[in-house]
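Trainee: Chain A is already provided as a structure; the job is to place chain B on it using the hints.
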Amino acid sequence: MKAGRAFPATPAVCSLTASIAGAWTSLWAERLREAWAELREQPGRTALQALGVTLGVASILGGFALSDSLRRQSERYQLRMGGMDLLHVYPQPVARSGPPSALQTANPGLRAGDAAAGAALDPQGVAGVSLSRMDGVQVRSPFALRRSQVTGIGADFIPMAGYALARGRGFAAAELEAGAPVAILGSGAAQRFFPGADPLGQVLDLGGRPVTVVGTFQARVFRFGKDQPNALGWQNRIIALPAAFVQRRLQADPHQRVDELSFRLPEPSRMVAFARDLATLLQARHRSQIDFRLDDVGARFRRQQRQGRVYDLVFLLSGVLAMLGAGIVNVNIHLASLRERVREVGLKLALGASAPEVFLGFMTEAMLLTLLGILAGLAGGLGFAWILTRCLGMPLFLRPGSFLWAGVMAFGFGFGFALVPAWKACRLSPMEALRYE
Amino acid sequence: MPLAIEARGIAKVYGTGGVAVRALDGVDLRVEAGEFLALIGPSGSGKSTLMAILGCLDRPSEGSYRLDGEAVEALPGRALARIRNTRIGFVFQAYNLLPRASVLRNVELPMLYRGTPRPERRRRALELLEQVGLADQADKLPGQLSGGQKQRVAIGRALANRPSILLADEPTGALDSHTGGEILALFQALNQEGHTVLLVTHDPGVAARARRQVELRDGRIARDTGPGPGP
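Protein sequence lines correspond, in order, to chains A and B. Here the first sequence stands for residues 1 to 437, numbered as in my numbering. Here the second sequence stands for residues 1001 to 1231, numbered as in my numbering.
Treat the hints with caution; some may be incorrect.
Pairs of lysine to aspartate or glutamate, DMTMM-like flavour, derived with a Cα cap of 25 Å [claimed, not checked]: (1) A:K424 x B:E1073; (2) B:K1140 x A:E30; (3) B:K1140 x A:E344; (4) A:K424 x A:E340; (5) B:K1140 x A:E340; (6) B:K1140 x A:E41.
FYI, nobody ran anything at the bench for these hints, they're computed from the structure. Note that the structure is a prediction, hence the values are computed from the model and not measured.
One chain only, chain A, in its complex shape (with noise of 0.2 Å):
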């Protein structure tokens, strides 16, 4: 077999590639700079012109950055909610006509054992499961006496619901496994039953249940804007207990019944398959009876976010008809200046240079006008969302998609604008431009 002969890389090879790489390099950097010349040769013209391209890159980036930072502040408050890999598992009444079959009589419905049953149908994808229970309840405190909501939790519902502890301690295993009568407060709570007092160690009633106050949650404040009240400040009136003392002591509840179950996925591949399955594991424990219903919160969100897409579509379509504009009094622009520098191409040809290179020419002048309108559009778009998103009082935030299709928006349009007057250019006949009047 014969060995395969490699191309030498020698001296003389290497010298022309680098001389053909200079000469190219060279005459883009001629054309760049003679466009340039001729951009700074009519300011005003040049300014109108990029004008259009400005105002419509300006429009696309700040209705997208005001569009991406709602979105960003919708995702920051389902992260504080809790998290976007939770699934939430809610009783819903079934349907029926008539009085309630016997299966329905014998359904208790969603409760605390659905959680550890659901738990088991992924270890290894289920990374938390949490319950509540809620009830009503006759709060009195040395301070105040109302009626006020109680949750009854287990075992991961703190770091699942998004609460934090400020003080004390949170519910040991045997506490919530006997229903005893502990409780954690919100700061909204803990002020309203203890104002100006330390909360913890003292005794609530609840109805007659007398309950240690062992701990107090950090309190927990988003808002959408600057003068939007604090969206999770019904977060911060909980009266937080072992759910067992609810279902047990409050409400006498043999089957633990619970308002609401969460199981928390990592794994976003999982969550599908394992919705399916808790679906059909609690219509089996249900006597066959739909009487739940899931909520994938990530699903959910992104369905949400693709709704949304539609403002989106909005602000593109006024950037286009902005950069559309743009682009038809680009064009007559350019073919006027075209008229008046008819000699000058036809002089061009006649010292040799050819069609594509005046083609090119003024293909490069129309793109670096469109590149310095992108450029102060994306400028333009960012102050006017970062004000906008100061006046609204929300963090600014852009994905770098946003400036992508701006950018490609523009320069599209800038080259599709351009190619009429570098075409005619390039057509025109040298004799022809030479004697042009």
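Mentor: Just chain B now, with coordinates in the frame of chain A:
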């Protein structure tokens, strides 16, 4: 001497049908390398049209044209551009300098289209400006020069890619007689160096500086003094 230009039966027709105008009508012209030829004739005689065809700026409607032995009348646009760039140097009556480019850059222009690297381009342009006596004006804009200086820049530009043929269309038409004389002397010197010079003029005094005169009338050669003694 080898032939620099060999045109046979060149005709140029503008318009069609009843409004067709024959600007050139069967011109035969043979120019040897190194000649200094003046193409003379009254306005409308077709001399500028012939120069445009000989300079590959335009195509003949009929006839054949060989430049340095190569048939060019049917070459594609890009090849013609290459020929204009490397083998022909143009000098125009109105100088046709780029007003916003420096003198140096104007001279560099043909080399730019040839793809000459920047350092070499710069060196050659300065050398040419030295040759036409304008080395100290390199950074000026054309608007800052006199008519004679502008025409010298144009001649320097025409020589940039070392063309074998120089085509000058009324190069002294916009100059006073003294400056015009200097420019013609420059052309004579270039011819002495071996360049083929083809000069279009309507001025018999200018034409007299050339060794051969070809007179056009109504698109036809009316008189040809024939090649004179070599440079």
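Trainee: With reference to the structure, classify each hint as holding or not holding.
Mentor: Verification of the supplied hints:
1. A:K424 x B:E1073: holds, 24 Å
2. B:K1140 x A:E30: Distance ~19 Å between K1140 (chain B) and E30 (chain A) Cα, so the pair holds.
3. B:K1140 x A:E344: Holds, at about 19 Å.
4. A:K424 x A:E340: holds, 13 Å
5. B:K1140 x A:E340: holds, 23 Å
6. B:K1140 x A:E41: holds, 16 Å
No hint from the list above goes unmet by this structure.
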